[in-house]
Structure formats: structure tokens, C-alpha cells
Amino acid sequence: MPDLGRLLREKNIIFVTLALCLLFFLISPRFMSVENMSAISRQIVPIGLIALGQFFVVVSGNIDLSMGMGSVLFAILLGVCFGLTGGVAVGIVAVIVASLALGFLNGVLVAKLKLPAFIVTLSMLFMAQGLSGLIIPRGQQIFLMGGFFRFVGSEKFMGFYWSFLFLVVLFVLAYIVYNHTRWGSYVVAIGNSEENAKLAGINVDRVKIGIFMFSGLCSGFAGIMLSTRMGFVQPGLDGNGLLLDGIAAIIIGGTLILGGRGTIGGAFWGLLFIGVINNALNLLNVEDVWHQVFKGAVILAALGANWVLWQSRQAEAH
Amino acid sequence: MTSTAMASSAQNTKKLDGLTLRYLVLIGLIVIASVGFSFANENFYSLTNIGILLRSIAVLFLLSMGMTFVMLTGGIDLSVGSNVAFSGGVGVIALTTTGSAFIGFAAAIFAGMAIGAVNGFFIGRLKLSAFMVTLATFALARGLALVIYDADSINVSNQTFLWLGGVSWGNMPVVIPFVALVFIALSVVLYKTTFGRDVYAAGSNFATAFVLGRRPEKTLVWVYVLSGALAGLSAIITVGRVSSGQPWAGLYLEFDAITAVILGGTSLFGGRGMLLGTILGVLLYGIIINGLVLTGTNPYLQSLIKGMILLGVVLLDTYTQRGKTA
Amino acid sequence: MKLSKTLAATTALVSAFAASAALADDALDIVFINDGHVAPYHVAWLSGFEDAIAAYDEAFDDVKVTGRWLSAEGSLEKMIQQAEVTINEKPDIMFVNAINVDAFEPLVAKAQAEGITWIAVHSPMDSADYSFTLGDVVNGTNQGMAMCALSDGEPYKVGIMLGQAGNPSGEARREGILKGISTCDNVEVVAEQPADWDTVKAQSIAENWLTQFPDLDAISGVTDGYMYPSIAIAANSGRDDLHFYGYDGDIPIMQQMEGGNVKADILLSGTREGWNFVQMAYRIHKGETPDKVYDFFTPLVLSEENHKIALENGFPEDVQVYYVDQALEVAQNGYLEFGPDSVK
Chain A
1 MPDLGRLLRE
11 KNIIFVTLAL
21 CLLFFLISPR
31 FMSVENMSAI
41 SRQIVPIGLI
51 ALGQFFVVVS
61 GNIDLSMGMG
71 SVLFAILLGV
81 CFGLTGGVAV
91 GIVAVIVASL
101 ALGFLNGVLV
111 AKLKLPAFIV
121 TLSMLFMAQG
131 LSGLIIPRGQ
141 QIFLMGGFFR
151 FVGSEKFMGF
161 YWSFLFLVVL
171 FVLAYIVYNH
181 TRWGSYVVAI
191 GNSEENAKLA
201 GINVDRVKIG
211 IFMFSGLCSG
221 FAGIMLSTRM
231 GFVQPGLDGN
241 GLLLDGIAAI
251 IIGGTLILGG
261 RGTIGGAFWG
271 LLFIGVINNA
281 LNLLNVEDVW
291 HQVFKGAVIL
301 AALGANWVLW
311 QSRQAEAH
Chain B
1 MTSTAMASSA
11 QNTKKLDGLT
21 LRYLVLIGLI
31 VIASVGFSFA
41 NENFYSLTNI
51 GILLRSIAVL
61 FLLSMGMTFV
71 MLTGGIDLSV
81 GSNVAFSGGV
91 GVIALTTTGS
101 AFIGFAAAIF
111 AGMAIGAVNG
121 FFIGRLKLSA
131 FMVTLATFAL
141 ARGLALVIYD
151 ADSINVSNQT
161 FLWLGGVSWG
171 NMPVVIPFVA
181 LVFIALSVVL
191 YKTTFGRDVY
201 AAGSNFATAF
211 VLGRRPEKTL
221 VWVYVLSGAL
231 AGLSAIITVG
241 RVSSGQPWAG
251 LYLEFDAITA
261 VILGGTSLFG
271 GRGMLLGTIL
281 GVLLYGIIIN
291 GLVLTGTNPY
301 LQSLIKGMIL
311 LGVVLLDTYT
321 QRGKTA
Chain C
1 MKLSKTLAAT
11 TALVSAFAAS
21 AALADDALDI
31 VFINDGHVAP
41 YHVAWLSGFE
51 DAIAAYDEAF
61 DDVKVTGRWL
71 SAEGSLEKMI
81 QQAEVTINEK
91 PDIMFVNAIN
101 VDAFEPLVAK
111 AQAEGITWIA
121 VHSPMDSADY
131 SFTLGDVVNG
141 TNQGMAMCAL
151 SDGEPYKVGI
161 MLGQAGNPSG
171 EARREGILKG
181 ISTCDNVEVV
191 AEQPADWDTV
201 KAQSIAENWL
211 TQFPDLDAIS
221 GVTDGYMYPS
231 IAIAANSGRD
241 DLHFYGYDGD
251 IPIMQQMEGG
261 NVKADILLSG
271 TREGWNFVQM
281 AYRIHKGETP
291 DKVYDFFTPL
301 VLSEENHKIA
311 LENGFPEDVQ
321 VYYVDQALEV
331 AQNGYLEFGP
341 DSVK
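Chains as they are written, first to last, in the numbering used here: chain A, 1 to 318; chain B, 1 to 326; chain C, 1 to 344.
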């Protein structure tokens with residue numbers, strides 16, 4: 001019956017998010033407007049990419065702290081390449097190569113050299129932060145203009161931003177890989193017990209390196225999305241805020257931080273939850289000193305509600 | 001050749017050597033780092049600088065010891081930094097309204113424990129993710145601190161309240177012997193009491209601990225309360241250090257503490273680690289930070305160097321003891 | 001009483017010490033401790049400071065000028081540690097942009113006892129030897145009054161983006177903006193949100209405001225860092241009628257003023273301020289005594305056309321205004337004002 005628990009966890013966050021939406025709607029009717037929904041859909045894209053990459057890392061029992069600052073570094077790399085060449089092609093290729101390389105490095109250090117992922121990726125966080133200021137000439141802003149940035153950043157297709165559709169497609173692909181491929185089951189197996197995974201003949205190291213390369217790639221995508229949305233880049237972007245929001249999204253969505261359990265659907269709902277809270281802070285015009293109280297209290301309340309729902313469902317199931 | 005020698009010695013004293021060797025390596029790294037920094041800046045070894053270094057990591061010592069308990073149970077406590085600001089605020093407000101330093105002390109520690117109790121309740125009783133719960137209280141405690149301070153600092157002039165964090169005997173801050181006392185007390189708790197054994201048991205295997213009747217739920221609650229109490233204590237020291245209550249005190253200290261604890265050999269997954277390692281981890285981390293300030297390089301370059309040093313340390317540490325802990 | 005006596009004594013000691021140090025080895029070592037290093041304004045500061053150090057060292061053969069810049073990355077504890085370590089290093093002059101000045105009172109006395117000149121940056125400190133201030137409240141008031149004067153008496157809805165809760169510069173600027181706005185009845189503040197000096201957050205706030213208040217007229221901010229993402233989001237949403245009121249005097253923002261939607265800015269210019277730090281340090285080193293509270297000159301920037309409109313609408317004539325060209329000239333070549341030639 002393990003699927004039942006999974007399903008319940010997944011549904012809880014749906015209830016909680018929808019209840020929260022209803023509450024905000026009652027307070028401020030504009031909350032449910034099409035404009036606001038599409039604003040939220042665009043704001044969650046970088047967080048969502050980080051959440052998606054982090055999801056596989058966390059399910060495998062690791063953590064990738066370098067994703068937030070990594071995405072800042074890659075946004076700046078794109079900007080620097082744009083500044084040098086005046087086009088985006090070189091920049092995109094550079095970001096993809098560099099982000100895969102960062103992931104590969106993380107993966108090798110964690111899988112082959114058996115170093116703790118927390119410290120390895122924390123080191124990478126610092127290095128990415130340092131590099132992000134060193135590769136941009138004198139740390140100034142670089143403005144990004146042209147069709148590509150406008151297209152990805154603000155064009156819509158059938159009412160949805162292209163960037164949001166890109167995120168949804170990635171989530172769908174990830175869903176298929178996670179639930180319907182052997183690789184997906186390997187990730188869970190490693191998260192449950194690395195020893196058993198090895199005994200079962202899984203090439204644990206290779207899978208782990210793959211996971212970190214994927215999370216690296218996701219932070220590369222997140223960097224591209226950040227830069228296209230902003231229209232300019234500079235080193236002072238709050239990468240760690242993105243990282244924490246991304247981790248919060250997947251854990252609220254029922255992913256076990258110690259690994260071995262989690263669902264892509266849950267992660268997506270957790271992401272919407274985070275997007276809704278961040279948006280509500282502005283829409284309800286919460287006073288500055290109350291911001292953190294609001295955010296903390298809502299998350300705690302959601303966790304509590306989640307627990308109550310879970311308990312009652314379990315009681316029914318028995 | 002060395003590998004066979006290492007393997008045979010590992011066989012002889014397999015049980016103890018993993019951790020002991022780890023600590024020896026940490027001490028070695030501390031020596032290497034200090035020698036390196038003293039080349040970069042001759043002031044590094046000055047007694048004044050050592051006093052500054054110790055004073056600046058006193059709070060990190062306390063928080064990291066609390067974090068060690070938490071991480072031994074397989075948990076994490078992201079709220080301690082914010083809790084330093086919150087409990088400091090409660091303490092300072094209690095002090096200024098009553099005028100009694102001891103009511104201020106008690107209020108700070110109780111406020112810290114209260115945040116810890118919230119964490120403990122959600123994590124221990126409701127069995128929710130420690131990461132998530134403490135991420136929520138990380139925001140909540142900081143927010144409450146901003147609210148009770150109304151985002152502004154409060155000056156403190158009560159000398160009794162400021163004594164612990166502010167006074168030095170020569171170059172030795174009084175807080176350091178105090179930290180040593182806390183270390184001894186917590187060591188007794190961790191190694192000599194049933195509570196301590198429960199902490200290790202809860203981290204090794206939650207379900208087994210439950211079967212053995214060790215009631216891990218209750219243990220978890222108390223572990224977070226302890227971590228909160230140490231945050232309250234840290235708040236008192238911080239207030240003493242800056243002669244004022246500060247709503248933004250303790251920012252990012254939780255990450256420093258977690259890093260130091262992991263450097264000290266405690267596993268993120270619980271059940272393995274010791275307080276001594278944490279002390280060494282804090283010392284090493286503190287020396288790196290202090291040394292980087294002394295070199296005064298470009299802040300971006302500093303980030304890069306900090307990352308490389310951290311990676312280098314963990315690489316060296318893991319390598320020298322490989323084959324010993326397995 | 002007792003404090004002021006001690007202060008007078010230490011100040012005397014400081015100047016005596018500084019004078020003897022200058023004769024002895026003729027070196028000027030300056031340390032700047034800042035709360036961060038990644039915001040655009042910090043970056044401009046740092047580059048101005050570093051360039052100025054190099055230029056002064058080059059220009060004067062008789063004095064060796066050196067400087068370091070430390071960033072506390074937002075952490076109060078880290079800043080305290082950096083200040084303690086720096087005092088132990090005994091530089092000649094410390095500039096400290098304190099996260100909270102109360103926390104640094106004990107250290108100021110310690111530094112002065114070591115013969116170090118302490119210059120408080122932005123938030124003034126009574127105990128410091130000097131305070132380098134911006135007049136944030138006055139600047140904010142000018143920004144607010146500009147909104148009144150440029151809104152043509154029509155109802156005018158404004159959203160204000162704040163700094164981090166409790167940040168002294170941000171709070172002072174907010175206070176000023178609200179004070180300026182209160183001089184007229186038609187400007188209404190519909191929302192105030194903290195963006196924590198972060199551009200990503202600022203962009204989300206701007207986007208959320210535009211959906212929440214379709215009739216929003218202007219976005220005002222306590223830093224130009226908020227203006228870049230707000231301008232981008234307004235352009236994306238087809239809101240080319242939205243007005244912007246900035247603060248900092250960033251060159252790319254001021255370039256959008258002539259005939260554009262950026263209506264007003266405050267000319268600080270980070271590079272220019274960085275140069276002024278070094279000039280001030282050099283002057284003190286040479287025995288000059290600047291004002292105890294040194295006010296950095298920060299005029300309001302308007303286009304000439306808008307200034308005329310503003311004056312017609314009752315904008316006070318005595319407010320010092322720079323037109324865009326002049327402001328850009330100062331921001332780009334600010335070092336000329338404070339370069340080695342200015343003290344030769």
C-alpha cells in the first residue's frame with residue numbers, strides 16, 4: 001500500500017493550496033484575476049526549475065545547495081557572453097556546458113570521492129558567488145536586449161507565458177522519467193538505501209553523477225529564465241532566497257528530505273503554494289516587519305493542516 | 001605501502017580510530033590553516049587577534065553544540081540564528097521593563113526554549129520534516145524579532161546583563177571559560193545519561209528506538225528545546241557583545257553552525273558524531289573566516305577562496321581517514 | 001559630560017598620533033567596512049574607492065596610500081568581527097557603514113584609543129570622529145515633492161519599494177518620501193513593500209502591483225536597483241505610461257530621464273562617493289578637519305522640462321536641482337571633483 005500514502009500526501013497539499021487561494025480571494029478579489037494568476041505563473045519559473053532539479057537530488061538522499069547561486073552565476077555568464085558577442089546562441093551553449101560541468105563536478109565529488117553533498121555543494125555555492133562577481137567587468141549591470149529575451153521573458157502562447165510552458169513540459173518529462181523509467185526507480189532505490197541499491201546491481205555512482213548533472217542543468221535553465229525576465233543581469237541577485245524557496249516547495253509537496261520518497265506532482269503543488277504566498281504578501285500589502293511572521297506562520301499552518309488531513313485519511317484507511 | 005600499514009593498524013583498533021584520527025586530522029588542519037594565515041598576516045598570532053577570534057566564535061560554539069544534538073537525531077535546526085534575535089529581543093525588553101538582569105536572562109532563555117518547543121512539537125509529536133518546520137520558524141522567529149523590536153535596536157546599559165558577552169580578562173573573553181563549562185555539562189548529558197543514549201538511538205534508527213521503549217518522540221522535543229535554550233544563551237552573549245538588542249542579530253548563523261558540525265564529523269543523517277568534533281569544526285571554520293578578513297582581499301575573491309578552502313578541507317579530511325571509519 | 005571629556009581627550013590624542021604617524025612613515029591606510037558588496041550601488045562604491053586609492057597613491061610620492069574593502073555580507077556579527085580585526089590592524093582611518101550604529105558604540109571608543117579615526121558612513125554617530133552622511137530624509141522629501149509637482153493635481157497612485165525592515169538608510173529615505181508626498185493631497189500611497197535591496201524580489205513586487213492596481217501611476221523606490229526590474233516589467237506589460245522615481249543616480253537610470261518615464265532621481269553616484277571617501281581620508285591625513293558631520297552633496301535630478309513644470313506647480317525654488325546632462329557628467333566624471341587635483 002505505499003502508493004496510498006503517497007497519493008494522500010500529494011492530495012493534501014492540493015487542498016491546502018486551494019484553501020489558501022480561496023482565503024486570499026476572499027480578502028482581495030483581485031487575487032484570482034487572470035492577470036494575477038499569470039503573474040504568479042511567471043514568477044515561479046526560476047524557483048520551479050530549482051525545485052525540479054533539487055527534487056531528484058533530495059530523493060536520492062543528497063542536497064544541492066549550489067543551485068541558487070549557480071543560477072545567478074549562469075545568468076551572468078549569459079549576460080557576459082551576450083555583451084561579448086551581441087547574440088544569445090554562444091551564451092546559451094556556454095550556460096548549458098558550464099551548468100552540466102558544475103553538476104558533473106558536484107556529482108564526481110559526492111559519488112566517486114564520497115564527500116558529503118552538503119559541504120561539497122556549499123563550497124560550490126561560495127565559488128559560484130565569487131565567480132559571479134569576478135567574471136562581470138567591475139560588477140556592473142549588463143542589459144539584455146533582443147527578440148530572444150523578449151520572447152522567453154514575456155511572450156505568451158494561448159494565454160500562458162512561454163517560460164511557464166517550458167517549466168510545465170520539463171515537469172511532465174520529469175514525471176515520466178521518475179515514474180516510468182528504470183533510472184527513476186534507481187533514484188528512489190539509492191535514496192532508500194545505497195547499500196541495497198549497490199547489491200541490486202545499480203551503478204550508483206553513475207546515477208548520482210547523472211542526478212547532479214540534471215540539477216546543474218536545471219540551475220542553468222533557471223539562470224536563463226532569470227536573465228530573460230529581468231532584461232539585465234548583475235551579481236547582486238538573491239540566489240539563496242531562490243534555493244530556499246525551491247527546497248521548501250518540494251518538501252511542502254511531500255518529498256522526504258532524507259531521501260527515498262517524493263512525487264513530482266506534489267513538488268509542483270508545493271511550488272504553487274510558495275508562489276501564492278510570495279504573491280499574497282504583496283497583494284495583501286503586508287507591512288514590512290510582519291513579512292517574515294506571515295510567511296513562517298502560513299508555512300507552519302500549512303504543515304499542521306497537512307498533518308491533520310493526513311491523520312484523518314489514515315484513520316479512514318484503517 | 002602506506003595503505004597496507006593503514007589497513008593493518010585499522011584492524012587493530014578499528015573501533016576507536018575512525019573518530020580519533022578524524023580529530024587528529026582536524027587539529028592538523030587547524031595548525032596548517034593558522035600557519036598559512038600567519039604567513040599572510042603577522043598579526044594572526046597576536047594575542048589580541050586570538051582573543052577576537054575566540055570572542056567572535058563563542059556564539060557559534062554554543063549554537064553548534066545544540067546543532068550537534070539535533071543532527072545526531074537525524075534532524076536539522078535552521079531556526080537558531082533567527083532565534084538569537086528573537087530571544088535576545090524578549091530578554092532585552094524584559095530587562096528594560098523590569099530592570100532586573102536575572103529576569104532578562106530567564107526571559108531570553110525561555111523565549112529561546114519556546115521557539116525550540118514549537119520545533120520539537122511539530123517535529124517530534126507530529127513527525128513533520130525538521131527541515132521544513134525549522135525553515136518556517138526561521139522566518140517566524142526573525143519576523144517576531146522585527147515586530148517586538150519594531151525593527152529598531154534597543155540600547156542596554158545594565159552591566160550585569162552585558163557582563164557575559166562584553167567583558168574580557170586581558171585578551172581572554174570571559175565567555176570562553178563559560179563555553180567550556182557548557183561543553184563539559186553537555187558532554188555529561190550526551191555521554192553519561194539515558195537522554196544522551198536516546199539521542200544517539202533516535203538518530204540511528206527511529207523505529208528501533210521506539211520498539212526498545214526509548215520514546216524517540218519525547219527525545220526529539222527535548223533536543224529542539226535544548227537547541228533553543230542555547231540560542232537564548234547565545235542571544236545574551238550577543239547583546240553583551242554589542243551593548244544593545246539587535247533585530248538582525250544571528251543572520252545566517254545556522255548555516256555556519258551546520259557547516260562547522262559537519263566539518264567536525266557529525267553525519268547529517270544522525271547517529272554518528274561527538275561534541276569534541278564540533279568544537280574542532282567551529283575552531284577550524286572560525287580560523288578560516290578570521291584569516292580571510294585579515295588578508296582583506298576582494299570580497300568576491302574571498303567567496304571563491306572560502307569555497308575552495310572548504311572543499312579542500314573536507315577532501316583532505318575524508319581522504320586521510322578513508323578506510324578507517326568504514 | 002564624562003563621555004564628552006573622554007572624547008575630547010581621545011580626539012586630541014588621535015590628531016597627535018595621526019600627525020606623528022604621518023611624519024614617521026608617511027603612509028595612509030584606509031579600511032572600508034560595508035554591509036554588503038553585491039548590490040549595484042556597492043559595486044559602484046567599491047570601484048570608485050579602489051580607483052581613488054590607486055590614483056592618490058600614484059599622484060603623491062610622499063605618501064603611500066593603501067586601502068581595503070571588507071563586506072559583512074549582511075551579517076551584524078561578521079561586521080563586528082571585521083571591525084575588531086581591523087582595529088587590531090591599526091589602520092589610519094576606518095569608514096564603517098554600520099548595519100546598526102548602536103552595535104558599534106563600544107568599538108568606536110576602542111578604535112579611537114588605538115589612534116584610529118572612525119568615520120561613520122550614512123548613519124551618523126555622535127561618538128565617531130566624523131560622520132559622512134547623505135541627507136536621506138531631505139533627499140526623500142525632494143523625491144516626494146517632485147511627485148506632487150509632476151502629477152498635475154490629478155489623483156496619482158504610487159507604490160513605494162522599501163529597503164529591508166529596520167535598515168537605517170532605507171527607513172530615512174522612506175520617512176522623507178512620505179513627508180514630501182504629504183505636502184499635497186492628490187498623491188496617494190497605495191502600497192509599501194520591502195524588496196530587501198533585491199532586484200528579483202523588486203520585479204515580483206512591481207509585477208504584482210501592476211495586476212493589483214491597474215491604475216497605478218508611479219513606482220517610487222529607495223534605490224535605483226529597484227528601477228531596472230520595474231522598468232522592464234512595465235515595458236513587458238505594455239504600461240508605457242508608468243512613472244518612476246529613483247534614488248542613487250545610477251547612470252543607466254538617469255539616461256532614461258530625458259523625455260522618458262523616469263521622472264526624478266537623487267544624484268549620489270556610488271563611484272563618486274567612493275572617490276570622496278578617499279579624498280576625505282587624505283584631507284584628514286594632511287591635518288585638515290572637515291565638518292564633524294560631512295554632508296555629501298546630493299542634488300535632485302530632473303529634466304529641464306520637468307523642472308519648469310514642477311516650478312509652475314509650486315515646487316520650492318530653493319531645492320538644488322541638477323539637469324540630466326549635468327548629473328550624468330558628474331556621475332561619469334565624479335572623480336574630477338574628488339581626485340588628487342582637488343587637494344593638491
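Wrong hints could be hidden among the right ones.
Incomplete in silico selection of chain B near chain A, CB under 7 Å [claimed, not checked]:
#: 1; residue: I27
#: 2; residue: G28
#: 3; residue: L135
#: 4; residue: G143
#: 5; residue: I262
#: 6; residue: G307
Treat the hints as calculated values from the structure; they're not laboratory data. Ideal Cβ positions, reconstructed from N, Cα and C, are used throughout, including at glycine.
Hint by hint, here is what the structure shows:
1. Among the interface hints, the one on B:I27 is violated; its C-beta lies about 19 Å from the nearest C-beta in chain A, farther than the 7 Å criterion.
2. For B:G28, the shortest C-beta to C-beta distance to chain A is roughly 18 Å, which exceeds 7 Å, and the interface hint is violated.
3. With its C-beta approaching chain A no nearer than about 6 Å, B:L135 sits inside the 7 Å limit, and its interface hint holds.
4. The beta carbon of B:G143 is positioned within 7 Å of a beta carbon in chain A (closest approach about 3 Å), and the interface hint is therefore held.
5. The beta carbon of B:I262 is positioned within 7 Å of a beta carbon in chain A (closest approach about 6 Å), and the interface hint is therefore held.
6. With its C-beta approaching chain A no nearer than about 3 Å, B:G307 sits inside the 7 Å limit, and its interface hint holds.
Hint check: violations occur at hints 1, 2; the rest are consistent with the structure.
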